[in-house]
Amino acid sequence: MASRIEILNDGGLRSDGRRQYELRDIGIDFALQGHADASVTFQHGLTQVLVSVLGPHEARVRSQTAHDRAIINVEIHVAAFSTGERRKRTKGDKRLLELASTIKSTFEPVIQTHLYPRSQIDIFIQVVQQDGGLLSACINGTTLALAGAGIPLFDFLCAVSGGVHSTYPILDLNTLEENDVPHLTVAIMPRSERVALVTMETRLHVERLEEIFKLAVDAGKVLHIEMKSALQKRTRSLVTSLGDGSKIGHAKEFDMDEL
Amino acid sequence: MRPPSPSIPEKEFVYEALKQSLRLDGRDLLDIRTPSLTFGPELGWVECAYGKTRVIAYVEAKMIKPPPERPLEGIITIHSEISPMASVDYELGRPSEEEVMITRMLDKILRRSDAIDKESLCVVAGQRVWHLRLTVHCLADAGNMLDCACLAGIVAFKHFRKPEVEVVGDEVIVHQASERAPMPLAIHHMPFCVTFAFFPDPSIRPVIDPSLLEQRLSTGLMSIALNAQREICVLQKAGGVPTPPDEILRLINVAVTLAKDLDKLVERRLREDWDGRKIEVV
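Line by line, the protein sequences give chains A and B. For the first sequence, this note's numbering gives the first residue as 1, with consecutive numbering after it. For the second sequence, this note's numbering gives the first residue as 1001, with consecutive numbering after it.
Hints in this document: simulated from the structure, not taken from any laboratory. All C-beta atoms, glycine included, are put in the ideal place defined by N, C-alpha and C. It is possible that some hints are incorrect.
Over the 10 Å line for every Cβ pair with chain A, so calculated as not near, a few chain B residues [said to hold, decoys possible]:
hint, residue
1, R1033
2, G1040
3, I1056
4, E1073
5, T1077
6, S1087
7, E1097
8, K1108
9, E1164
10, M1183
11, A1186
12, G1220
13, G1239
14, L1270
Have a look at the derived ranges for each label pair, beta carbon to beta carbon [claimed, not checked]:
hint, chain 1, residue 1, chain 2, residue 2, range
15, B, R1180, A, D10, 49 to 55 Å
16, A, S241, B, I1008, 49 to 55 Å
17, A, L115, B, P1009, 44 to 50 Å
18, B, I1008, A, T65, 19 to 25 Å
19, B, P1202, A, T167, 31 to 37 Å
20, A, R19, B, L1092, 22 to 28 Å
21, A, D10, B, S1096, 49 to 55 Å
22, A, L115, B, I1008, 21 to 27 Å
23, A, T65, B, E1010, 21 to 27 Å
24, A, T167, B, E1010, 48 to 54 Å
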């Protein structure tokens, strides 16, 4: 019998050495994969997802087109080696379908779909490693990939998970904590400070919920700063390389604060 | 199957009315339709109606051998189906998005929130456990089938009585209801589901328990499942209209008050029904 690992010990440290409100390290890589318009490898602690975005293009299934906006198609594939134990997930798995449907409805108010009637935007998510916070990593990765593909968005969408361990709120849970502690995932639009997604599947008291909800919204804003700077860096490098290839002038310095 | 969109005059009328805080059926923005519960002759058969939305739920129990990885717990399965009887838009065999959503929410609310104690369903460890099967049939869709289905489900579990069993050595004797009074299930808490509908116009406030037209015209739904002890079991708001956090907290508090009223209503109806059944012990 393995000894019980403490979620939060007396020194205020969690099982992986973080403090109560500390978020895990974030890695963002915009390396292009295949034929996608943009792809992002988003790493949140040990959770790694690869998001590719294609579109907008003509819808494959004509009967599902909307005459006034683009439809969003989300497909998720979880690698069998992504969790601690090897587990093959079939494509029709209810949890995966639900996850895809959640991501699709979360992005509906964020993507400016009215600009592309009768088209389809494809989002392909490949989960390489999971260690908690899968939904938030998928949402963050998708936001960056959409922005990288040049699809107009109303705002970023920053997601983070939070939980409460016997009255102590903790942010950004890993798998160990998710199995043990009631938790929720919140996705916010940071500039307008509005909540686009909130899901919780475990029992939590109302007062505890209020606390962790507000904290998660603030954490989303912190994530926004990181994601924005990564996107700006990538755009800057693209612009510089474009400028170097030009025969006429240098790359113009333009205002990055518009992002 | 995509439901046909409401006509433009209907849409404009409903939006105008909602801007003035008026709903088509005369309710307030934060008023639900009073649920009515009817119990069948068998124990564990419930019909729940929210206005014209009707759902039937019933519970059946069987004894089976448990899977080797969980020898000490019973098994609960939930089978929900929306037949074309509910509305023209539903096809048999092909689950629409709404059907998938209802199935998943029922699963989360009734099974994953541990409303029913599974260890009490164990009869002989590793050999015999109870397998409870909840079947939910949606009969008529007049909006908000999810809340109706959840209420029907949890009340069906509360109403159900499992036959009394006696374990003598290696033998398991199941007593008929006529011999020994059946036992109620061990229920930890009663989760109730409350759904809010959001509309695209920011001047229209969210509406509770949407009717069919309001549900079709809404751009987002938020469902909260909670019990009378102020614990939230499931909270689901995916996309729809981005809302400020304070608004969400306000709606959660509305749901908390509502859950208490629902709890009292359910208790009262169950008591009335139980008094109506005379189980005589000869």
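Status of each hint after checking the structure:
1. R1033: About 24 Å separates R1033/B from the closest Cβ of chain A, which puts it past 10 Å; holds.
2. G1040: holds (30 Å)
3. I1056: holds (23 Å)
4. E1073: Non-interface label on E1073/B holds, nearest chain A Cβ at 17 Å vs cutoff 10 Å.
5. T1077: About 13 Å separates T1077/B from the closest Cβ of chain A, which puts it past 10 Å; holds.
6. S1087: Non-interface label stands for S1087/B: nearest chain A Cβ at 20 Å, farther than 10 Å.
7. E1097: Violated: least Cβ distance 7 Å, not greater than 10 Å.
8. K1108: violated (5 Å)
9. E1164: Holds, since 30 Å exceeds 10 Å.
10. M1183: holds (25 Å)
11. A1186: holds (17 Å)
12. G1220: Non-interface label fails for G1220/B: nearest chain A Cβ at 8 Å, not farther than 10 Å.
13. G1239: violated (4 Å)
14. L1270: Label holds. Min Cβ-Cβ 23 Å, cutoff 10 Å.
15. R1180/B with D10/A: 49 to 55 Å: Since R1180/B and D10/A have Cβ atoms about 52 Å apart, the given range 49 to 55 Å holds.
16. S241/A with I1008/B: 49 to 55 Å: Given a distance of about 50 Å, which is inside 49 to 55 Å, the answer is holds.
17. L115/A with P1009/B: 44 to 50 Å: Taking Cβ atoms as reference, L115/A and P1009/B lie about 28 Å apart, which means the hint is violated.
18. I1008/B with T65/A: 19 to 25 Å: Check passed, 20 Å falls within 19 to 25 Å.
19. P1202/B with T167/A: 31 to 37 Å: holds (36 Å)
20. R19/A with L1092/B: 22 to 28 Å: violated (54 Å)
21. D10/A with S1096/B: 49 to 55 Å: holds (52 Å)
22. L115/A with I1008/B: 21 to 27 Å: Given a distance of about 23 Å, which is inside 21 to 27 Å, the answer is holds.
23. T65/A with E1010/B: 21 to 27 Å: holds (23 Å)
24. T167/A with E1010/B: 48 to 54 Å: holds (49 Å)
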